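**Student:** Protein chains in written order, with my numbering: chain A, 501 to 1323; chain B, 55 to 215; chain C, 10 to 296.
Calculated directly from the structure, the hints in this document are not laboratory data.
Among the clues, some could well be false.
As the list claims (entries may be wrong) - Not the full set, but computed from the structure, chain A residues with beta-carbon under 10 Å of chain B:
1) T534
2) R535
3) T708
4) G1021
5) I1219
6) D1254
7) G1278
Said to hold, decoys possible - Sample of chain C residues with no beta-carbon within 10 Å of chain A, all distances over it, derived:
8) E21
9) P67
10) S155
11) T163
12) R234
13) A245
14) H296
Unchecked claim - Chain A stretches covered by chain C per the calculated footprint, using a threshold of three residues with CB under 8 Å from any CB of chain C:
15) 799 to 810
16) 1184 to 1191
17) 1224 to 1233
18) 1279 to 1291
The structure presented is a predicted model; accordingly, all values stated were derived computationally and were not measured.
Every residue, glycine too, gets a C-beta built ideally from N, C-alpha and C.
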Amino acid sequence: MTRERHYIPESRQREKPKSKYFAIGHSMKRVEDTRLLTGSGTYADDVSLPNMAHAAVLRSPHAHARIVAIDKSKAEALPGVICVMTGAEAAEVTGPCADFSSPPTPQHCIAVDKVRHVGEAVAAVVAESRYIAEDACELIEVEYDPLPAVVDIEDALTSSGDAVLHPGRGDSNVAMQRTIEFGPVDDDFAQADLVIERRLRWPRSGGTPIETVGATAHYDRGTGKFTIHANTSMYNYVGWLIAVSLKVDPHRLNIVPTDAGGSFGSKLFCHKVCTLAGTLARAAGRPVKYLEDRIDNMTSGDAHGSDRLYDARLALKRDGTMLSMRLKVVDDYGAYFQYGVGQHGNAMAQVTGPYKINSVEVDLTAVLTNKCQQGAYRGFGSEVGNFVIERLVDAACEEFGIDPIEMRRRNLIEQDQFPYIMPTGNMYDSGNYQAVLDEALGMIDIEGWRKKQAAAREQGRYIGIGISTCQERSVFSATEFWMWNPNETPGFTLSSSPESVSVNIDPTGKAFITLNAPFWGNSPETMAVQVLAEKLEMDPADISVGYADSDKGFNSSGPGGSRFTVMIAGAVSGAADVIKEKMLRVASHMLEADPSDLEFRAGSIGVQGVPGKEKTLAEVALHAHYFRLDLPEDHDLTSGIDAAYVYDHPVTTMPSEDRTDLGIFYPIVGHMCHIPVVEVDVETGKIDFLDYVAVHDCGTMVNPMTLAGHVRGGTVNGIGSALYEHFHYDESGQLHNALLSDYLHPTLMETPVDIRVGHVETPSPFTEYGIKGGGEGGRMGAPPAIAAAVEDALKPLGIKVDSLPLTPKVLRGMIREAEANGG
Amino acid sequence: MTTPRTVELVVNGEPRAADAEPRMLLSDFLREKLALTGTHVGCEHGVCGACTVLVDGESVRSCLMLAVQAQGAEVRTIEGLGSADDMHPLQEAFWEKHGLQCGFCTPGMLMSAVELLESNPTAGRDEIREAISSTLCRCTGYQTIVEAVQAAAEKMQGEGQ
Amino acid sequence: MKPPPFDYHCPETLDEALALLAEHGEGAKVLAGGQSLVPMLNLRALHPAVLIDINRLPGLDHVSLEDGRLRIGALARHRAVLESAAVREASPLMAEAYPYVSHGPIRNRGTLCGNLCHNDPASEMPAVVLASDAEMVLQSASGTRSVGAGDFFTGMLSTAARADELLVEVRMPQAPAGQGAGFHEVSPRKGDFAYVAAGATMTLDGGTCSGVRIVCAGVGDGPHRARAAEDALEGAAPGEDAFRQAAEAATEGLDPGEDFHADADYRRDLVCSLTRRALADAASRCH
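Chain A on its own, in the form it takes in the complex:
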């Protein structure tokens, strides 16, 4: 019934999926790798400028305190120290950091007056070396007046007075509360035979890439211009906001992207580090490098993931038909609110999962606490939604005694229902969910495992099989960042999220692609090369890729929300069309044939039906570059072959005023099925993987090898979230695991020996070649599947998995309790 609520824009797809490709679909070795494999990458810390100085920050030891006084005299007197800045001093020249929340929660690159979480910068030192800068930090004396720390997510709902983090937003730590009903929730619940209800807890973890965030800034006093080299992703989209913080016009800030040693969302923006480095460089009168150390990154990297408490309900008919959901969620955002509740905007893209659920009500409360603020982490909030709905579905299976596979089969959206408008108004463009399930089941012998499980239980061993069938929304549109905002304070209601490229064909016929987004750890160059090679039937080895800085770049959102491959395919495809047209025109003169009679062949342009009558791309390019007078009078036919192209989001619409329809904002929707088999050691609480199957449908695959890499890497991130990772704040707000010795990334030994990846390809009707995003899926499917597997293993003990991570202590605690109760 929601389907009629709005129209679906006509597809702008120009390149249809093909049965046979020239370059797409091949597991081509990556273009990026040769420099990375030879130690020639340029990461944030590899930038070195003449006369460069180094910065370190003094971190707050308090979770919440007033800064009463700072004595920096001893630090300033230390030989090798160039300058020491407090927050108050920085604030005289630099404004607050960029902030997309509405109303804002002002955050400064160095705290002013108050610290709101452990690790927040209180002062910064610029010195001749990082060593000396850290020496000087130890000499800064700060007097604090501690304030009550708000740590517990539920305490945050009621805290007031001195415990309020941002009194300017009112006497409460509730940053936002809103309830939206999508569809006839009351009616649907009234029809239900059963309502499943679970209280579910999703823990705070984070992308925590091995490379931290860093920036090297130079301020040119002759021109008043900043140049900042940083491992930031969205510098050509919102990077100009850093100039606003630095109080210069955007054209007086050039952001030069470096290679990034992983992001997983955490380096989307990195504006605080850039703002700090710029501020210090201007003050020091020298280029300054500031690189977060590991503790800075973990305590103050502004990139913790979702931290949610759900009271979740699923209404079903007796036959297992899912009708509706009611979700009451509190999310602990930490001390600031940089993206507002963008993570919940995101989750609304697929909140009802792959199921034919008619309506949903979401009651969202965002709270502020004295912790590092949230940012983005692979899934950006949607991974939590997947966990919640899959837990509800599994609970319903248990209640009804329906097999989890059968339950899903009955409720999955059918192939003929696409494009499908789900209750929030988002569109699922295409899919074949039963095929994904079939493929996964074909890769694993469930019956065989059930037999092994039964035999193991005879021996007191606990094996479990889990399944998840989840959505992977891809290609975000900007409306997700503000659609939850109150209508009276809408914030920055942008609706553009383009990607762009430029392509130059050199006189020898080889191509150079300039991206306006950085290398953030994935395969942007490989994707661009494969698409351009496809379009021009060129040898991929004849194409190189570079990255535009913000001086030269133009509007590009950059990677995020699993959009880059789809968007770059659109941009490259558009640019290639311009180039093709020009090459055909040049070739038509050279071959004395009408352009419409010409065709691209591998490496050349020839006359259709006339073998041998052709010119190589190199010949055409040389002609176009240098022999203008051989071409006819035609003002459009300028020398050279170049194109720049901006590709806007393929299909997005505005939300309705009352937000009961959020519009189409995350429409390119993949699907996955994960089936892990685990064994739980009930005495120690340790979990081992015995098998793991992950089947993903990401539409047309540009490069199956790199896509499988994403699936596996994301799955291991999901294993981390499910079993190992959790930022542990104690009741006073101290973070106890800010080091990689205690914040537990899975090592190779904690991961399955073989994550067996399968693919189904359901091309999108809206994107070039039918490509869908695939960057986040692994982490979106693994946690619910692992939770289900553990619950299945421990079924004889009656244990329910309602929260993550399932650390050995937690699991053993539940088992101990079950044993005590005679389980």
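Chains B and C: place on chain A using the hints.
**Tutor:** Leaving out everything else, chains B and C in the frame of chain A:
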């Protein structure tokens, strides 16, 4: 003696010398004094393994060793393995098998693998897993790294015969 | 995360090293493998005035078995100990436990003696040497003394070694013929310090358990010897029930401490299950 002293050593076969304060970490010395930025620093407490280099043939965390301790030592880093047009079999195999994504852990992975295969050319999967488990990778899920080292081992054995 | 400034000495002889220790005392730290010390320096958890690097001292990297005595020198690296035939012959328990110690690059640098002097309560080797009647040979400019393992580990990250003393060697009697050993550990991840580790040795003497030793790591402020459990098993016939009872005895009155990774109940559970497993392995390996 907090004053700098000259550290002389052999890096990737070349004699090198530079001054270092005693407290300077070998990782910083390689990166800042010798401009060998291929060795990466991820945690500075010995856990992530990105900074792993070979000192006198053995893998070490260069963030847990002082530069002055490397006086007279033979150090090998990723830069010494091979160039884009003349790759070491391990580099080739990492490329072929997609054993890297962001590339930040790659120097540590490669140098650990070099140590393993030079000391145990017939290393099997379990030995490879053991060796590789000392370095964290946040991107790949490790599987293709193990496959790459296996492939390189096979290739290197073939070439050795 | 860079070390604070310090004076650095790299003596070439033991006498020189001991003289430096005598001179600088509490203000000095000995740098051996550095795998615990350097992280603490990087974190600025320590601010030593002087670092005395012993890595160039000659003749201290031995791992040898002579006259029924295993001798491991101050500069014997974990890897050398792990790969030592002498260790396998002389101490089945150490051989069982060593694969749990960290990772390759850490083992290449880290030393057993440095590990013992650091005395992290979650570390494996203090428990192993405690079970093995090891003697710590402490040398200073004023002389040499030997301290039994039971007296050496004095508390959280502390030992009986004086500031002017260097642990130059660990000596352990060769395990009795026929001894079996078992070692089990649960750690956050492979290679991490233990939540809890349990080691056991015994011989089977006429069908009964004899010379039983049970030690744990991760259960307090240092290695722990579970004497009540040893007593419970000594002279008993080996078997699942006996091992279970001994393992339960190992938890009685135990206050293992807790942190956010592992609470006291969890640690007690692990002591029980891992001790039982270690005992079963030890018994099965007696010959």
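**Student:** So, for every hint listed, does it hold in this structure?
**Tutor:** A quick look at each hint next to the structure:
no.: 1; hint: T534; result: holds (4 Å)
no.: 2; hint: R535; result: holds (7 Å)
no.: 3; hint: T708; result: holds (7 Å)
no.: 4; hint: G1021; result: holds (3 Å)
no.: 5; hint: I1219; result: holds (9 Å)
no.: 6; hint: D1254; result: holds (7 Å)
no.: 7; hint: G1278; result: holds (8 Å)
no.: 8; hint: E21; result: holds (27 Å)
no.: 9; hint: P67; result: holds (32 Å)
no.: 10; hint: S155; result: holds (34 Å)
no.: 11; hint: T163; result: holds (24 Å)
no.: 12; hint: R234; result: holds (22 Å)
no.: 13; hint: A245; result: holds (22 Å)
no.: 14; hint: H296; result: holds (27 Å)
no.: 15; hint: 799 to 810; result: violated (count 0)
no.: 16; hint: 1184 to 1191; result: holds (count 3)
no.: 17; hint: 1224 to 1233; result: holds (count 3)
no.: 18; hint: 1279 to 1291; result: violated (count 0)
In this structure, the hints that do not hold are numbers 15, 18, in rising order.
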